[in-house]
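Asker: Put chain Y on the given structure of chain X with help from the hints.
Sequence order for the protein chains is X and Y.
So that you can map any letter, position 410 of the first sequence is 409 in numbering that gives the first Met the number 0, and since no number is skipped, the others follow by simple counting.
So that you can map any letter, position 41 of the second sequence is 40 in numbering that gives the first Met the number 0, and since no number is skipped, the others follow by simple counting.
Watch out, some of these pointers could steer you wrong.
Chain X stretches covered by chain Y per the calculated footprint, using a threshold of three residues with CB under 8 Å from any CB of chain Y [unchecked claim]:
(1) 33-44
(2) 49-61
As a list, the in silico DMTMM-like pairs of lysine to aspartate or glutamate whose alpha-carbon atoms are at most 25 Å apart [claimed, not checked]:
(3) Y/Lys34 - X/Asp45
(4) Y/Lys186 - Y/Glu148
(5) Y/Lys271 - X/Glu356
(6) Y/Lys186 - X/Glu459
(7) Y/Lys186 - X/Glu17
(8) Y/Lys137 - X/Glu62
(9) Y/Lys234 - Y/Asp198
(10) Y/Lys186 - X/Glu18
(11) Y/Lys54 - Y/Asp195
(12) X/Lys328 - X/Asp460
(13) Y/Lys54 - Y/Glu143
(14) Y/Lys166 - Y/Glu115
(15) Y/Lys220 - X/Asp131
(16) Y/Lys34 - X/Glu47
(17) Y/Lys186 - X/Glu62
(18) Y/Lys220 - X/Glu192
(19) Y/Lys234 - X/Glu356
(20) Y/Lys77 - Y/Asp152
(21) X/Lys463 - Y/Glu180
(22) X/Lys328 - X/Glu297
(23) Y/Lys34 - X/Glu39
(24) X/Lys418 - X/Glu445
(25) Y/Lys186 - X/Asp21
(26) Y/Lys186 - X/Glu39
(27) Y/Lys137 - X/Glu459
(28) Y/Lys86 - Y/Asp102
(29) Y/Lys234 - X/Glu62
(30) Y/Lys186 - X/Glu22
(31) Y/Lys186 - X/Glu14
(32) Y/Lys235 - X/Glu356
(33) X/Lys347 - Y/Asp277
(34) Y/Lys186 - X/Glu68
(35) X/Lys463 - X/Glu22
(36) Y/Lys235 - X/Glu62
(37) Y/Lys77 - Y/Glu141
(38) X/Lys463 - Y/Glu183
(39) Y/Lys234 - X/Glu459
(40) Y/Lys234 - Y/Asp244
Rather than coming from a laboratory, the hints here were simulated on the basis of the structure.
Keep in mind it's a predicted model, so treat the numbers as computed, not measured.
By construction, the Cβ of each residue, glycine as well, lies at the ideal position given by its N, Cα and C atoms.
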Amino acid sequence: MPAGPPAGFAARIVELGEELRDEGMQVGTTGLLDAFAALEAVGWTDPEIFREALSATLAKSPEDRRVFELVFDRWLFRAAEQAAVDLAVKESERGDGTDASELDGAPSEREFDISELNLDVLRQQIAAALRDGSEGAMRDLARLAIAAFGQQGNGSGVIGVDVQRIRRALGLRAEPQPDLPEDDPRRDGLPREQLRRFEQILRRELERGQIERTEQLPAKRALSELDRALPTGAVQDLAAIHRVVAQLKRRLKTQGQEQRGRKRRVHVDVRRTMRASLETGGVPVVIKTKPMRPRRPEIFVLCDVSTSVTSASVFFLSVMHALHDSFRKMRSFVFIERVSEVTETFTKERDFRAVSEAIGRDAGVADISGYTDYGRVWSEFRALVEDELHPRATVIVLGDARTNGRDPRADTFAAIAAKAGRTFWLNPEPRLYWNYGDSVISAYEEHCQAFECWTTTQLEDFVKALTQPVGR
Amino acid sequence: MAAAPTTPADVDQGLRSVGYLPSASAALVSLLAIKLGKPVLVEGPAGVGKTELAKALSKYLGRELVRLQCYEGLDEAKALYEWNYRKQLLRIQAEASGTGWEDVQEDIFGEEFLLERPLMTAIASPDPVVLLIDEIDKTDQEFEAMLLEVLSDFQLSIPELGTVKAKTHPVVLLTSNNTRELTEALKRRCLYLWLDYPDTEHELEIVRLHAPELDETVARKLVEIVGMVRELDLKKPPSIAESIDWARALLLLGAGDIDGETFTNTLSVIVKHRTDLDIVAERVGVKLPRPV
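Looking at chain X on its own, in the form it has when it is part of the complex (with noise of 0.2 Å):
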């Protein structure tokens, strides 16, 4: 049985939960309670085993997974840093067995000659270890990287800078490089994901060479969501989408009767009140009022095929094809530079690789250049659909808002979105690219709710909205 846990071990671990619960994880008291059980029946001295303890009690499905171990990366590396800084430990001085080496399972230090160093040696070195992948080596080499890089100056006081620089002037690149010499092991490529992780650990030592000079601990930064989003395939998307619309169908089923209850107002429907009238000899006694009819919504939805944003079109195109599943009065249409009704295709086509072919054979949305044209597609999706807006059709938008630089016609747009009663506009992009370069998202967003929608979660949120019940 391993020794018992040193003192403020605890208090750690907690902390590690309410990081975990900052990230919106869902950590119970439960959770951490069966984390020390774990750790107990384990030993916490293992690095491997005891990530895998603590993931296995607190990390209960793939994404919370995949946020656990990053969450978990930045806690071991801020609690090791903190522990060196308030223990006063300096990189010269490890390697004699303190506490914050044995805490982060840093390997032991190999003496090397900083003077000796042979910069393409070291290129070679490296680009081995990356490409057998042997994690230990990848941490020193890195250290003995930075350690060269410094040496000539080169630093420029952003890690995320000097990483990229130290990265190009070792020459590492996924690529690969024929014109390197036959044993080099650059010459194939390196493995993209080692790169990646090598790069991680170089921007870690940096920072702790920061933390070292400062001696305190920069600020914490919340995981993007760019980190957290799972990497998975378009089929699996296309479930999850199926599933997210399945859910909007509901929604609009019950939204109907939900009102019913609400709405207390009734009309009297004075035909069949006298009809009735007639058995109790002509006195209304009972009052016969109108049936409420749900809304049934009518929904017009325009989806920007156009290269800019092929990856999301597929998204899009499935979203369509989940929402013609659930929605009878629905019409849809695909723009580049012209906009094309493909609503037949739609209803005619079950099967979704169909679908997305067809409108790629004969929508002919695309005029001359391939670029869109917002301006050109608002006239004539207003000259197509004019007559047939009224306050109840709810407009939706998948697009990018990336003009190329031509007229975006938000008159035109803002005249659509006055005649139908909602608009909203789902937006590929991550917020933090709207309106920088062709994208004039602002100039709609004026108009209409938008969105930004590239995950399924997201997709969700959206849902919420168009279900909302809409006060009129």
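Answerer: Coordinates of chain Y only, in the frame set by chain X:
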């Protein structure tokens, strides 16, 4: 029964000895399940050995495996217990008419008239068992709620009899293919194990274990190809079970190498969808050498 394991390495060894090669996390979580007595929720794509893990554990620990296969519409009567209605009727008929209702009632709601279903069997068993609740995501939420009592306290309430408490602590594994989000309440009571497709080396080991006659180089090539196929965007990516099947098929055919022709001929072993077949033949098939 093997000695109680104390380290993940023990479990790893033990599972290997019964023909299951666990990943590091699988060994660790199994150990935790044995030591903490908590149920384990095993998730992952189909065919990565979730059910096999339970079978291997039962073999390794020398315990009986009690399996509850879940499906839509599974209810208490099929999962927990049922009164043996016919036997009860016979009992009443056999009873002399003089006995009062009270006595008969006492009599016919005894353990003798109880039909044990898997969960009940697992709990009432005098020897510790391994309980496998397979594909829990196929059932509805109500059933999950019913499981909570069993999973957290290892006891069952039968209105006519009272509470049945577990005499021994079973090792419980729940598997799910993640087709439906399970409730938080259930997740909270479980340890979590995510089984994914193994890496090349690990899978090679597994294939070699199940098809030892297959040439090493062929096996390696096979595993690499399966890895490539998994990267494609398929409806149903090939699982470990399918790589093993493929290895066996190659053995039967006596193939010494996987070239373009053998690949196309045996493709249907690993890919089971019409559309997938086309994609794989198109993307992977062409990379293999054609026989001259």
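Asker: Hints first: check each against the structure and report whether it holds.
Answerer: To see whether the hints hold, each was checked on the structure:
1. 33-44: Three-residue rule met by the stretch 33-44 of chain X, so holds; n is 5.
2. 49-61: With 9 residues closer than 8 Å to chain Y, the stretch 49-61 of chain X meets the three-residue bar; holds.
3. Y/Lys34 - X/Asp45: Holds: lysine 34 of chain Y and aspartate 45 of chain X sit about 18 Å apart, inside 25 Å.
4. Y/Lys186 - Y/Glu148: 13 Å, holds
5. Y/Lys271 - X/Glu356: Cα-Cα ~23 Å, so holds.
6. Y/Lys186 - X/Glu459: Given pair lysine 186 of chain Y, glutamate 459 of chain X holds - Cα atoms ~22 Å apart, limit 25 Å.
7. Y/Lys186 - X/Glu17: Holds, at about 19 Å.
8. Y/Lys137 - X/Glu62: OK: lysine 137 of chain Y and glutamate 62 of chain X at ~21 Å, within 25 Å.
9. Y/Lys234 - Y/Asp198: Roughly 21 Å between the alpha carbons, so the hint for lysine 234 of chain Y and aspartate 198 of chain Y holds.
10. Y/Lys186 - X/Glu18: 20 Å, holds
11. Y/Lys54 - Y/Asp195: Distance of about 18 Å is within 25 Å: holds.
12. X/Lys328 - X/Asp460: Holds: lysine 328 of chain X and aspartate 460 of chain X sit about 23 Å apart, inside 25 Å.
13. Y/Lys54 - Y/Glu143: Cα-Cα ~23 Å, so holds.
14. Y/Lys166 - Y/Glu115: 15 Å, holds
15. Y/Lys220 - X/Asp131: Holds, because 19 Å separates the two Cα atoms, which is no more than 25 Å.
16. Y/Lys34 - X/Glu47: OK: lysine 34 of chain Y and glutamate 47 of chain X at ~19 Å, within 25 Å.
17. Y/Lys186 - X/Glu62: 14 Å, holds
18. Y/Lys220 - X/Glu192: Given that 25 Å is the threshold and the Cα spacing comes to 22 Å, the pair holds.
19. Y/Lys234 - X/Glu356: Distance ~18 Å between lysine 234 of chain Y and glutamate 356 of chain X Cα, so the pair holds.
20. Y/Lys77 - Y/Asp152: Between lysine 77 of chain Y and aspartate 152 of chain Y the Cα gap is close to 20 Å, so the pair holds against 25 Å.
21. X/Lys463 - Y/Glu180: Distance of about 19 Å is within 25 Å: holds.
22. X/Lys328 - X/Glu297: The hint holds at about 5 Å.
23. Y/Lys34 - X/Glu39: OK: lysine 34 of chain Y and glutamate 39 of chain X at ~10 Å, within 25 Å.
24. X/Lys418 - X/Glu445: 15 Å, holds
25. Y/Lys186 - X/Asp21: 20 Å, holds
26. Y/Lys186 - X/Glu39: 21 Å, holds
27. Y/Lys137 - X/Glu459: Since the Cα atoms of lysine 137 of chain Y and glutamate 459 of chain X sit roughly 23 Å apart, the hinted pair holds (cutoff 25 Å).
28. Y/Lys86 - Y/Asp102: Distance of about 16 Å is within 25 Å: holds.
29. Y/Lys234 - X/Glu62: 21 Å, holds
30. Y/Lys186 - X/Glu22: 19 Å, holds
31. Y/Lys186 - X/Glu14: 22 Å, holds
32. Y/Lys235 - X/Glu356: 22 Å, holds
33. X/Lys347 - Y/Asp277: 23 Å, holds
34. Y/Lys186 - X/Glu68: Holds - the C-alpha atoms of glutamate 68 of chain X and lysine 186 of chain Y are around 19 Å apart, at most 25 Å.
35. X/Lys463 - X/Glu22: Between lysine 463 of chain X and glutamate 22 of chain X the Cα gap is close to 22 Å, so the pair holds against 25 Å.
36. Y/Lys235 - X/Glu62: 21 Å, holds
37. Y/Lys77 - Y/Glu141: Within the cut-off at roughly 14 Å; holds.
38. X/Lys463 - Y/Glu183: Holds, because 22 Å separates the two Cα atoms, which is no more than 25 Å.
39. Y/Lys234 - X/Glu459: Satisfied, since the Cα-Cα distance of roughly 24 Å is no more than 25 Å.
40. Y/Lys234 - Y/Asp244: Distance ~19 Å between lysine 234 of chain Y and aspartate 244 of chain Y Cα, so the pair holds.
The structure is consistent with each of the numbered hints, conforming to all of them.
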